[in-house]
Amino acid sequence: MHVLLVEDDAVLSDGIARNLTNHGMVVDVVANGNDADALLQRREISVVVLDIGLPGIDGFEVVRRLRARGGATPVLLLTARDAVEDRVYGLEMGADDYLVKPFATPELVARVRALLRRAGPQQSRLQIGALMLDTVTRRASVHGRPIDLSAREWAILEYLIRHSGRVVSKQQIIDAILPWGEELTLNAVEVYISRIRIKLGDAGLALRTIRGFGYMLENAH
Amino acid sequence: MRSIRLALLKWLLLPLLAINLIGAVGTYWLAWRPAQLAFDQNLADAAWTLLPYLEQRDGRIAFELSRQAEQVLRLDHFDSVYFVVRNARGDTLAGDADFPPLRTPPAINEPLAYDSRMRGEAIRVITLFTLVGTEPVTIGVAETLWKRISVRSGASFVGLLLLELLVALISIAIVWFGVSRGLSPLQAMQSSLNARSYEDLTALPAGHMALELEPVAIAVNGLLDRVRHVSRGQQEFLANAAHQLRTPLAGLKTQLEWLQQRYAGDQDVARSTLLMMASTERMIRQTNQLLALARAEPSQFERARLYPLALDKLVEESIQHFVEEADKKHIDLGFELASVTVPGDRFLLRDLIDNLVDNAIRYAPPRGCVTVSCYAADGEGVLAVEDDGPGIPPSERELIFSRFYRLSDKTTGSGLGLAIVRDIAADHGAQIRISSGAGGRGTVFSVHFPLATPAQDEVQPRANLR
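Note that the protein sequences, when read in sequence, are chains A and B.
Okay, so the first sequence: first residue is 2 according to my numbering, each after it adds one.
Okay, so the second sequence: first residue is -3 according to my numbering, each after it adds one.
Treat the hints as calculated values from the structure; they're not laboratory data.
Treat the hints with caution; some may be incorrect.
[Unchecked claim] A few chain B residues that don't get close to chain A, going by computed Cβ distances all over 12 Å:
id	residue
1	A14
2	P48
3	D94
4	A109
5	V128
6	G150
7	R228
8	Q263
[What the hints assert, rightly or not] Simulated coverage check for chain B against chain A, where a stretch passes if three residues somewhere in it have a Cβ under 8 Å from a Cβ of chain A:
id	stretch
9	246 to 253
10	316 to 328
[Claimed, not checked] Dumping the calculated DSSO-like pairs for lysine-lysine here, alpha-carbon to alpha-carbon at most 27 Å:
id	chain 1	residue 1	chain 2	residue 2
11	B	K309	B	K325
12	B	K324	B	K309
13	A	K171	B	K325
14	A	K171	B	K324
15	A	K200	A	K171
16	B	K309	A	K171
Every residue, glycine too, gets a C-beta built ideally from N, C-alpha and C.
Please construct the entire structure, taking both the sequences and the accompanying hints into account.
Below, the structure written as structure tokens:
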């Protein structure tokens, strides 16, 4: 997983690089738009973390040139400004996501991972805590012991794992598993969640209820 | 201080009073003069009646006045009458010897009237210079002034003067009223300026203004324009400074996060990095608050920037952040979000929601409870945030919206949050209400927005393509 980090602030780019490296990513760092543009033409990059305000050509221009060449590399824009115009313009230029400084590193890592996932082949094995889901064999296990999940439970749990650490609403869960085409009430989601909770048992996971809104799956501390 | 009213009154009243005084003197003179002339004429007649009693005999002047005739002459109901006849050398030929020296009239047989004194009293004297045969004599007749004084203090005469006084008083009243009316546009301008809030820098309406006030209004508008310009400059500076701070703060934060991971096992380092992280987080929040404040400034806000926005969706956008903040204090954070759309500015409304919820989390006790709700009721879109904290005494409910006001020194707030909420609510024409929570505990902040009118379509702001 090759991440190209384009950031002209030395302290910030060093910090981001260390943190991404810490999460098992290989990071190339450049400090201006022209170098980024040149590197993108030479090397295979999995994802670009790109500051907008750069010396030389700016981040918008780097994305524009990348897309103009037909490059599909996912791009995460970083900016100090949060004006809606900047965001919309960046996305229109072909960026995939947008993060306003200062951000929390877990947030950055999660967004980079999401972009990598979208770009790369789907991971067949999802793991969190002692829970393992194999999306190919459709087998689930806790501490290596197989557990039985209905199709609905599987869909909901897979969705929760893919969004672990994030709050998801009941409606989001329904929307995500609707491809089955049936109506599902908010109450039904609650029933499935309580069943999943029982089946997770001692997996070391917390499937938290966010009162009046939804759920969040995270490692129990 | 110079007063226009006093200056106007001075310039109008003093000349007016002077004219009135001249008028009064004139009236007095016009009324008194004929009476004086008539009395003088009477006295002159008395002098003329003395003339037949004088004749020249053997080169001497003889005066034969019977006792009866003298009584008739001296008879008067009010005044004492005196007379004297003197020759050219001033020797008294007849009459009252103590009569004061006589002034000689300029011409023969032309009586002269003047005031003098005799026997301790003021008198009016008539002198008549004539020739008796060939001998020049001067006749003097005088009377005391009682008759004249009684005429001068008579009812009609006093009435005339009172009328003069009344006219003067009415003039003063008219001038006072006129000056006040004349100054009323100035007072209207003053009260309209007084009624303004410090944020209202719009120009004075020049249309229906008095001609003389227009230059003043133009000057005030010029000043307001310059103030607005400077204020905008300051807001831009604030926003720029806040933006400039974001990159170094992000650097600091990422470095600290790496340190935290790297030295998680070392208690001393972990403690120190935790404290540094807390400070960094506070700096970040303060910076974002300054930015929000600059953005929310009502004088910089244009209503045209409001678009229909779903309140419940806006809350959802920030929900991750809220849950993380609530987890730090183990607060039970709950939501009751009904679909409701209000006209709003996306960034400002997010700032408002962020600040209200952060505020509630800050003031709720550890393991407390915070509930965020939104719904439509009575033609209003309502966003409400309830906590089970100590509550806010009614006396402080106004104060908490001032900048840098903090209810308690135990919480680590910037003191800007509620000021931002107030500004943003004002931008949206929304009202903030504070009440006690369920069971009289805690606080409910509710923001009441006017609902989006059906005419407004669900339009999102188009990006300006550069």
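These are the hints, each one checked on the structure:
Once the 12 Å rule is applied to beta carbons, A14/B is consistent with being away from chain A; the minimum gap is 72 Å. For P48/B, the shortest C-beta to C-beta distance to chain A comes to about 123 Å, beyond the 12 Å cut-off, and the non-interface label holds. No Cβ of chain A comes within 12 Å of the Cβ of D94/B; the nearest lies about 114 Å off, and the non-interface call holds. Every C-beta of chain A lies more than 12 Å from that of A109/B, the closest at about 102 Å, which supports listing it as non-interface.
Chain A leaves V128/B outside its interface by the beta-carbon criterion, the shortest separation being 124 Å against a cut-off of 12 Å. Once the 12 Å rule is applied to beta carbons, G150/B is consistent with being away from chain A; the minimum gap is 93 Å. Its beta-carbon lying about 16 Å from the closest one in chain A, R228/B satisfies the requirement of being farther than 12 Å from that chain. Every CB of chain A lies more than 12 Å from the CB of Q263/B, the least distance being 18 Å, so the non-interface label holds.
With 7 residues having a Cβ less than 8 Å from any Cβ of chain A, the stretch 246 to 253 of chain B passes the three-residue criterion, so the hint holds. Check on the stretch 316 to 328 of chain B: 3 of its residues sit with their Cβ under 8 Å from a Cβ of chain A, so the three-residue criterion for coverage holds. For the proposed pair K309/B and K325/B, the alpha carbon gap of about 25 Å is at most 27 Å, so the pair holds. In summary, the hint linking K324/B to K309/B is supported, as the alpha carbons are separated by about 24 Å, within the 27 Å threshold.
Of the supplied pair hints, the one linking K171/A and K325/B holds, its CA atoms being roughly 25 Å apart against a limit of 27 Å. The straight-line distance between the Cα atoms of K171/A and K324/B is roughly 24 Å, inside the 27 Å bound, and the hint therefore holds. About 19 Å separates the Cα atoms of K200/A and K171/A, which keeps this hinted pair within 27 Å; it holds. Distance check on the hinted pair: K309/B and K171/A sit about 14 Å apart at the alpha-carbon level, within 27 Å; holds.
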